[in-house]
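So the protein lines, in turn, are chains A and B. With our numbering applied, the first sequence covers 695 to 1088. With our numbering applied, the second sequence covers 695 to 1088.
Treat the hints as calculated values from the structure; they're not laboratory data. Heads up, a few of these hints could be off.
The calculated lysine-lysine pairs, modelled on BS3-like cross-linking and capped at a C-alpha distance of 30 angstroms, are [to be verified]:
hint, chain 1, residue 1, chain 2, residue 2
1, B, LYS981, A, LYS781
2, B, LYS1033, A, LYS781
3, B, LYS781, A, LYS981
4, A, LYS881, B, LYS894
5, B, LYS981, A, LYS894
6, B, LYS894, A, LYS894
7, A, LYS1083, A, LYS955
Now the stretches of chain B that chain A is said to cover, found in silico as 3 or more residues with beta-carbon under 8 angstroms [as the list claims (entries may be wrong)]:
hint, stretch
8, 742-755
9, 759-768
10, 813-826
11, 918-930
12, 983-997
13, 1044-1054
We put the beta carbon where it would ideally sit given N, CA and C, even for glycine.
Each chain is listed here by its residues.
There are 2 protein chains.
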Amino acid sequence: MATLVQEKVRQAVSILEEKHIDLWMTFVRETSAVLDPILPVIYGATLTWHSALIITRRGETIAILGNLETETARRTGAYQEIIGYDKSIQTELVRVLQRLNPNQIAVNSSPNDPTADGLTHGMYQQLEGYLAQTPFIERLVSAEGVISALRGRKTPSEIARIRAAVDATEQIYRQTFEYLQPGMTEKQVAQFMHAGIREKGLAEAWDYENCPAVNSGPYSVVGHAGPTDILLERGHLVHFDFGVKQEEYCSDIQRMLYLLKAGEISAPAPVQHAFQTVVDAIQAALKAMRPGLVGAEIDNIARSTVTNAGYPEYMYGTGHGLGRAAHDGGAMLGPHWEKYGNQPDLLLEPGQVYTLEPGVAVPGYGYVGLEEDVLVTETGAELLSAGQKELVLK
Amino acid sequence: MATLVQEKVRQAVSILEEKHIDLWMTFVRETSAVLDPILPVIYGATLTWHSALIITRRGETIAILGNLETETARRTGAYQEIIGYDKSIQTELVRVLQRLNPNQIAVNSSPNDPTADGLTHGMYQQLEGYLAQTPFIERLVSAEGVISALRGRKTPSEIARIRAAVDATEQIYRQTFEYLQPGMTEKQVAQFMHAGIREKGLAEAWDYENCPAVNSGPYSVVGHAGPTDILLERGHLVHFDFGVKQEEYCSDIQRMLYLLKAGEISAPAPVQHAFQTVVDAIQAALKAMRPGLVGAEIDNIARSTVTNAGYPEYMYGTGHGLGRAAHDGGAMLGPHWEKYGNQPDLLLEPGQVYTLEPGVAVPGYGYVGLEEDVLVTETGAELLSAGQKELVLK
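Looking at chain A on its own, in the form it has when it is part of the complex (with noise of 0.2 angstroms):
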């Protein structure tokens, strides 16, 4: 059975040959340093002198390396060719751009794709250098479309993955809310759930600090803030948002929870209305989500729900992609603000996964935000999470 790098080495062949580019070529060191995200992807384990993975249109794969990292290459078996480098790659590299001659030679840089962006300026400055004297110099192009296609399209094993790590989200949710009392801290919260993780033999989706965020409330800090010693109280709106990485892929979820005051039987009327705003409008877009649309649309018509319900607008954008990191390659789920480039304005594509996560603050009770995992199929889109759409009451 081929490995997920193999099957991701192969999709690459067929991206490069629906978007016309000769060869891409991921160039890298002391990847243990700086890491180019799309490594672990087509490669799989840590490079430390000047690598040079190629592939190619016509199927050609080759890796250029340290001599002493050439046996960790083979055992990828996803590269034909592997040669090995003490001093310099330059002449080795000259040399395999001259027998493969491409008419572009896509590198990974890119203002717009953070995921497509694993190049750095010094590593630029030395291809240019390495290259100063071919014509290859004038040929390179960025790799931006390749690699949103490659980390959008997930393979079906790819899937899976993100299916499990929302799964055991899920359950560690479920868990948490059966334990959490009023009288506990977020930080208290926050540390449940952590064992959760660790019970699991899982790893926080991003910054163990961060990860979960538990916002009970109107005066917790919402945002990419950990959680704090404040109480949990009866009247508090409790947010959270929370992701686990299983064998590598990530979930991303948002969920809410509402604690009764003495004599209330349900959630006082501006929270309910906040609640289903934010249901209504992940619903809106859920439904419009199909191959063709692009990013901005589906923002637009989240944010417009939240707006004409009477809130202002969230200040971030409704989704981004998930996969191996939270924040994944694809398009931007967001409006044409500068910080997101031309994401906003990427197609979607099956086999995408997105998150969907507007929000609403609630003057006096807290803060409304909730977060799915959508899958964009062939003709639509479907939702990986529980898809929350009642208030959990306590």
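Place chain B on chain A using the hints.
Below, chain B without anything else, positioned relative to chain A:
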């Protein structure tokens, strides 16, 4: 008490003064995808949207970052001024630079030093775009000298962490030497060492698959490749390369064992000669190490000890910096091979930690490689690791 991040940010200010650089800017985004290796040193959390961490020679510390992450920045306690934005960093970034008006803006780009090369090419291009209409575009310089000094010159608390990692590693080695028996596979031995790491709640210093490396006998491929099903047999040299990460700091140690054949009470003469040569090479380098020498000088001392003893030179550098990563900042104790850039010409400085790891193959028996971890002091250098001088016999 100051945290390590606060300690290192303060140290950075004094290094900027020493290097006559007005301003150092770490410019990053989506660090869960591409992590600038200096970020854990001067910040300690991930950053999602375009973010600039600015430290000046005059002692200003400014973080410009997405509004959802300002709270985390505040909690680091290392940045006096925290500026949030929603849609684009450009306005605030240019405003801050105009206010400070630095003559040099050092950015994390270096063809030479991978740990100082965390700025991606795509981000460099974006920065050029943001600064295009300003005089600052002409003032960008490489931060490699700043980062090399900051990573290289360990504070007492950093050294304490490396010592702890070294001690844990030596403990696991002792347990492993007791445990292993002829007839076990390399993989079985590695499994025992992994369990030792788990038991202590630590992590591998590098790739799980290749940490430890275990090489038994003459047919095991030495280098950055993981253990295999090759059996440990009497008459084999068994070579280990292993390190742990404890509180974010690493060890990196190689050890040697010989499995006595029936009737043998010591290793055969060629094994002993090779082992003694490697010990001598390490001792000669260790005695020579002191502030003011450059990396290539130390490499040459160890390398010529090996070649003078009649062995071929090893095709890698004698040693490298050690710290947060198994291959960390400071000089390269290596020859002037192109792949090392200017790193062999850098100075040894007090507080740096290096490995020393010469090696020799012994046909018919296996590979002899030892690796010690060494602290550069004001007047010389001292071993952090035990300094293996006798082959472990079993």
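Exercise. So which of those numbered hints doesn't the model satisfy?
Worked result: 5, 12, 13
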